[in-house]
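Using the hints, position chain B against chain A.
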Amino acid sequence: MQLEVVELRRYFGNVKAVDNVSFTFGTHQIIGLVGPNGAGKTTMMRIIATLDEPTAGDVRIDGVSVVQYPEQGRRLIGFVPDSLPSHRDITVHEYLDFFARACGLRGQLRKRVVEGIEEFTNLTNLREKSIHALSKGMKQRVSVARALLHDPPVLVLDEPAAGLDPRARIELRELLRTLCDRGKAILVSSHILSELEQMITGVVILERGKLVRAGHLQEVLRGSLTQRIVRIRLLDNLDGAVEKVMCLPHVEAVTRADQTLRVKIQGGDAECASLLAELIRLGLGVVEFHVESAALEQVFLAVTKGEVA
Amino acid sequence: MSTAERVAPGQRGWLPRWIFRWGERLADWPNPIVVKELRQAVRGWTALALFVLYLVVQLLVVGMMLMSSAGDLLSERPMGNQVFLAVQIQLVVVIMGLLPIYAGVRLFLERSDVNLDLMFITPLRPVWIVLGKLLAALVLGLLFFSVSAPVMTMAYFLRGLDLIKAAILLGLDLVLMVAAVQVALFVAALPVPRPLAAIFGILLLLGLFISVMGMAIYSVSMFDSLWRPDEDWVTPVMIVLSALFVTLFTFTATHALLSPPPSNRLLFFKLMLAFGPVTFWVLLVTIGWLVIDMSNVVGLSNFLYFLEFCVLGLPKTLTLISWLAWAMAVSERLQWGPRILNQVPRPRWLRILVFPFYTGAANGLVFALLLTALRWLAFGTFTFVGDVFSHALLHSVGGHPNRSSLRPSELGLKTEVLADLYLITYSLMAFHLRRYLEQQRSKTLPGWVLLLVLLGLVSFVQVLFAIVGSLLEVRDELIALLFTLAPVPMLESLVGVELLSTNRDMVSAVSFVILLVALPLLAVPTLIWWLKQVRLFRPPPPKSAMLTEERGESLAMVQAEGKQ
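Chains as they are written, first to last, in the numbering used here: chain A, 1 to 309; chain B, 1001 to 1564.
Here chain A stands alone, though its shape is the one from the complex (with noise of 0.2 Å):
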């Protein structure tokens, strides 16, 4: 299962919510889609769970497009909205109940599916609780409960962490790693950057409705930033090291800890294997070589200006 977002864009006016935006993810990864306010994630989201249509290109799931063919579409994703249920008078189950008859889920197989998507999500002890009454943590979960009750192979959900206590976070990341290792491919976006990092297998960010990174985290982490920090323990001698290594090219700052120096770099992946490379030429007795990843907010603030569309 592969789904493809094709040169999608998105005009309201000379507002340009989403411009030319083109990915591709499938099963068994989740994709964070990350962006400050007003850089189109939501609208993109609705594109894609055919609740909007694109200004042009398309969004297709294994070739099929769900701008063309909406009703195919929604057979294959599942939507979990930024706003949490509000229905009124009507429990856990009679809520999954009834988007289970609306998915055309009929007898003992609803009866199954609904029963077994509960047991899934930890929503049993709650099935005959009011929505209404439920914490936000447990309205997500009924929100991610329903938008599974089809089986569907892609997930999009936006904002799903949004106002969650630190435990429904959690408990969220793990349903989500969950459906992942189970086949689903996954579309999540959030602010929490620092939680987001740490499900994802991929990000896709956005600014003023374009695309200004994408592909793999460990490759977008690895690629985005121009300093990188290296951490290198050696053999011994390290007061003569630290002038020997400042005076290599690239390096902008050493510092000394115990045995080991943290050395900033101007560069990437290039200038590393160039830094290591000099100190084994000097013969400085490299015992540990370590390049410090970024975090994705570090990323993220260094690819992003801060501009709304």
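These aren't lab readings, by the way, just hints derived from the structure by calculation. It is possible that some hints are incorrect.
Pair by pair, the computed Cβ-Cβ distance ranges are [as the list claims (entries may be wrong)]:
hint: 1; chain 1: A; residue 1: Glu71; chain 2: B; residue 2: Trp1022; range: 27 to 33 Å
hint: 2; chain 1: A; residue 1: Gln218; chain 2: B; residue 2: Gly1044; range: 32 to 38 Å
hint: 3; chain 1: B; residue 1: Arg1351; chain 2: A; residue 2: Ser194; range: 54 to 60 Å
hint: 4; chain 1: A; residue 1: Glu71; chain 2: B; residue 2: Ile1210; range: 40 to 46 Å
hint: 5; chain 1: A; residue 1: Ser194; chain 2: B; residue 2: Pro1446; range: 41 to 47 Å
hint: 6; chain 1: A; residue 1: Thr55; chain 2: B; residue 2: Val1057; range: 55 to 61 Å
hint: 7; chain 1: A; residue 1: Asn125; chain 2: B; residue 2: Pro1539; range: 49 to 55 Å
Every residue gets a Cβ at the ideal spot worked out from N, C-alpha and C, and that includes glycine.
Using the frame of chain A, we list chain B on its own:
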């Protein structure tokens, strides 16, 4: 088959399996919305409180009537009729007043958050959503009927209850309940900001109050006077036909309002607008032809008056519909999305035929023009044959042609044409203003709001000038000239009364000249835009061409290159 096989697992052993299977199938059968709404109604306190309150009030009122010699006011009626009337009035208040409000508020609350959006990502079609909401309210309404049933039965045993009248009233209750609930759903579905929604809500309450009062008064008068069903059957027939028309109209309108914006949402509503009144009209004319010779039927003359009223009312109905079509045309989407284009028929002749009924501004303009032409045709025809028709219809039963203000011959075709030219000019102005604003800003006012603002603004400025002019004692001719741009003829056309009596010819002449200049100036760019649009109204290539080639390197995430 062994006993073990015949018993459903986990069920009581003495019932055969097929009962459960049928039970399950039966449970699957209803519209999911109906199931959800009824579950919510059962769990919520509103419906339950309403039921209890209704029951208590009903028992109290009937009890008091029976225990005391209360009925003083109604003492001329037999006790059975009195009790029935008391229950009937309470029932009308609930099913035509409170139930529609309950249904409308529920839909309004669902629309104000994402709940309705979520339904659109299921295979549920908007028509099922509207129908589900309507049916759920009707089931609740029927429960109120059933709560009233024991007391109504008791009324029969108290003697004196006229069963035919009671049956007619209950039938009317049912029909009016459907119409009232559907109107409430329509108001709740209007995509307007909260302050405007509050105004519409108040109007709805007012409308419901008038309907409830009207029905209550009619119920009392039916039992009060010498109402005879074989003579006075025209009013119930009129009520049923009107309620049916209102229900159909508001149902298709609600469907259009609740459908997702990218869909071909106006198709059903436009079909209803175009063919509904004409079909209704043809039906009435046919009935007229069929019954015209039955002069021995009692009450036929009243019915024929009603027929004449409806038949001669066609041009007026078309006036309102064509104006609504213009307001819709300037508000519709400027480009078609893939979802609409996907529904465009492949044969060219069929494409031309369905073009006016599809969603889109280009389609809307043609639709509005067609309805305007139809309106002119109706007015033109009725101006010349209206009297003939009235005489033909009523002559055989010895009646006289109706002298209502609906008679087109009394209105004048000139005013109608002028009114439409005004509307077209202002609509095109609003349309181009909207196009300009949409290019400049992300969010603009809907076209119909711009149209109303333009009309209101011009009227206001001119009335202001007229007041100032009269204060300054400016000559009447000059003041009258100010009205040459005002939508006065539109108002005259609507109410059927001449508002501007002085200098009428001069105003009409100058108006016409101004329109002759303004209209082409607006029509030419519209036509150029329209022609460009029409070329795009074609279906996409067949589905197989939409499928992309299989990719070897799946699941790899790629960044678009050179597409920024």
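Hint check:
About 30 Å separates the C-beta atoms of A:Glu71 and B:Trp1022, a value consistent with the hinted range of 27 to 33 Å. Distance hint check: the CB atoms of A:Gln218 and B:Gly1044 are about 51 Å apart, inconsistent with the given range 32 to 38 Å. B:Arg1351 and A:Ser194 have their C-beta atoms about 55 Å apart, which keeps the hinted 54 to 60 Å range intact. For A:Glu71 and B:Ile1210, the hinted distance range of 40 to 46 Å is satisfied, since their beta carbons lie about 43 Å from each other.
A hinted range of 41 to 47 Å for the beta carbons of A:Ser194 and B:Pro1446 is consistent with their spacing of about 43 Å. Between A:Thr55 and B:Val1057 the beta carbon distance is about 57 Å. The supplied range of 55 to 61 Å therefore holds. Range check, A:Asn125 to B:Pro1539: about 52 Å between beta-carbon atoms, so the 49 to 55 Å window is met.
Checked against the numbered hints above, the structure violates only hint 2.
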